[in-house]
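Student: Read off the chains here:
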Amino acid sequence: MINQPKPTESGKVTIEDLLRLKRAERPAPEFWTTFEQELRVKQLAAIVEKRQWWVALRLPQAGRTLARFQVPMGAAAVLALSFVVVNEYRSLSPAASVLAETYSTQSSGESASAPVVIASSESTLTVDAANHFAKAAPTVIASIPSLQTVVEPSVSADVVSFGPGDLTAMIPWAATSQAAVVEKQSAPSVTLGELSQVHFASVVNPGRDHDFDGQVELDHAVASISQGAPELPVDVAEAVEPVVARALPTSTREMRRNRILASLVVADSTPDSDHSRITQVREVLASTLDDGRLYDTVSRIGMGGDRLTLKF
Amino acid sequence: MNAISKVLTKTLVASPERQLEAGSDWMVVQRVQAGDVAAFDQLILKYRERVYAMIYNMTSNREDAADLTQDSFIKAFQSINRFQGQSSFFTWLYRIALNSALTHIRKNKLRSFFSFDKIQEDPSVSAVLNQLTDNKDVQRDVFVSELQEKLNEAMLKLSIPHRTVVTLFEIDGLSHEEIAEIMDCSVGTVRSRLHYAKQLLQAQLQSYVRR
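Sequence lines, in order, name chains A and B.
Position 30 of the first sequence, counted from 1, bears residue number 22 in my numbering, the numbering being contiguous throughout.
Counting from 1 along the second sequence, just add 88 to a position and that's the residue number in my numbering.
Since the hints were made in silico from the structure, they are not lab data.
C-beta atoms are modelled at their ideal positions from N, C-alpha and C, and glycine is treated no differently.
Misleading hints may appear alongside valid ones.
Below, a sample of chain B positions facing chain A; criterion: calculated Cβ distance under 7 Å [said to hold, decoys possible]:
1) V213
2) Q219
3) E258
What the simulated footprint calls covered on chain B by chain A, stretch by stretch (three residues with Cβ under 8 Å from a Cβ of chain A suffice, anywhere in the stretch; the number is not a length) [what the hints assert, rightly or not]:
4) 110 to 121
5) 147 to 160
6) 270 to 281
Sample of chain B residues facing chain A (criterion: CB under 10 Å; computed from the structure) [to be verified]:
7) Y144
8) V216
9) L217
10) L220
11) G261
12) E265
13) L289
14) Q290
15) L293
16) Y296
Same shape as in the complex, but just chain A:
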C-alpha cells in the first residue's frame, strides 16, 4: 500500500509535506457511484459493434425501390454493353473501315477511274496522285503507315516491295492483286501506273471484273502463292479483316472464294505442294465463313442518331 510519511516534527514545512496535501485530494464516496455507472455504460458501448457508415445508407430500402425498374435497367445495361462492344470492334481497324466505306460508295455507281482514297490514321494519299508522283520523281518512297511502296520509274517492271502482310492487312483480296503484280514484273511493257489503275479498277468496280484480261494471270498468281513464293511472303491469314469482308460486294467475295478454292485444287494436285500453305488457305476460308456469320449477328444492331435498334 501507499507509504504514509510521518508529518514533520521540526515545525518546518517541506516540499514533501506539501505534496502530501496533494495526496489527500480525494473524491467523495458518491463520486464512485457515478463512476461505476458511467463505466458500465462505456463498457457496454465498447462491446456493441460500431455501426458502419454504409449501413446508414439504407441500401436494402433503395434496392426495394429500384426493384420495379430492374427489367428496363437490365435491358438498358445489355444495350449499353452491346453498343460498347460494337464500337470497340469497329475501332480496331480504322483504315480498313474507311476503305470499306470507300468501296461501298464506289461500287454504288461512281466511275471506276475515280481516285480511290486510302486513309490511315496519319496520312491520306490518292492513288492517282501516287502514280503521277511515281512517274515524275526518279525514286520515290511513298510511305504510309500500313502501305510501303518503292517506285523506280527507270525499271519498266516496277519493283513493289511490301512489308509482311501490310497490304493484305488492309485489303483482304490484295493477295490476289499482289500476285498479279509479281506476274507483271516479268512483263516490261506494263508500268506501275497502269498496273495500279487496273488493279484498283478491278477492286473498286467488281461488276467490271470480267473485263480484266489478267484473270488467268491472277489465277496463276494464286496458285504460286499456295505453292509458297519465297520472294513475296504474303500472309494470307492476315488478309481476313471482317469489316472489309462485310463491306465487300457478295459477288466479289464469292469470286475470291472460288479462286482460292481453285488454287487449293491445283495445289493439292501438285506433288511437291507446300502443305502448310494449303492449311493456311483453308483456315482463311473457314475464318471468312465464321466472320460472315459473326457479322450477320452484329448487323442486327443498328445505330442512328440517338437511337439504337435491334433486329430480330
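With chain A fixed as given, assemble chain B onto it according to the hints.
Tutor: Chain B alone, transformed into the frame defined by chain A:
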C-alpha cells in the same frame, strides 16, 4: 504456476506486499481470460482509486481524470487477453493509465482547467495545515484553496516526465523500481528526475516552504 513465478521474478524488486498482490491479480486475470468477465470488477474495485489519483495529479482536473480512468479500465478489459503475466497487472494497468493521461495532456496542451477534489483531512494533513496557518489572520478554507491552486500550478509547470515521476513517487507512493518499469527507463533516471523536479517545486512554492 510458471507464469506466476515469472510475475514474481519481475516483481522481486517490489515489496513482499506487492509480490502477493501480483500473484493474486494474476489469478483474477486468468479467470477473466477464461471468460469470467465479472471477475474484472474485482480488479476495478481494487485499483480504481489509485489509478484515478495518478491521473488526477497529472491533469489537475477531476472530470478528465474520471473519464480517463474509465477509459483505462475499458482498454485494459479489451486487451486483457494479450496480457501474458510478464509484469504485474498493477504495473500493466498503470502503464495503460499513464499513456492515456499523457495522450490527453498532449492533446490539450493549450487548455488547462483546474477542477479540484476536496482535501480529505487526516491527522498528518491537519498537522501540515496547522503549521501553515499558525499565526495567520486568514480563514483556513480560503488558505487551503489558495494553497491547492498554487500546488497544482507548480505541478503543471513541470515537464511531463518530471511530473510523472513526482506523481508516482511522492503522491502514489510507488518505488523507484516500479516507476522505472512503468516509465520504461532506468532507476537512476527516475532518481535524477525526482531530484530535479523537487528542486523546481521548491522554487515554485518558496513562500510556503520557508517558514
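Student: List, from low to high, the hint numbers that the structure doesn't satisfy.
Tutor: As far as the earlier hints go, 4, 6, 12 are violated by this structure, in ascending order.
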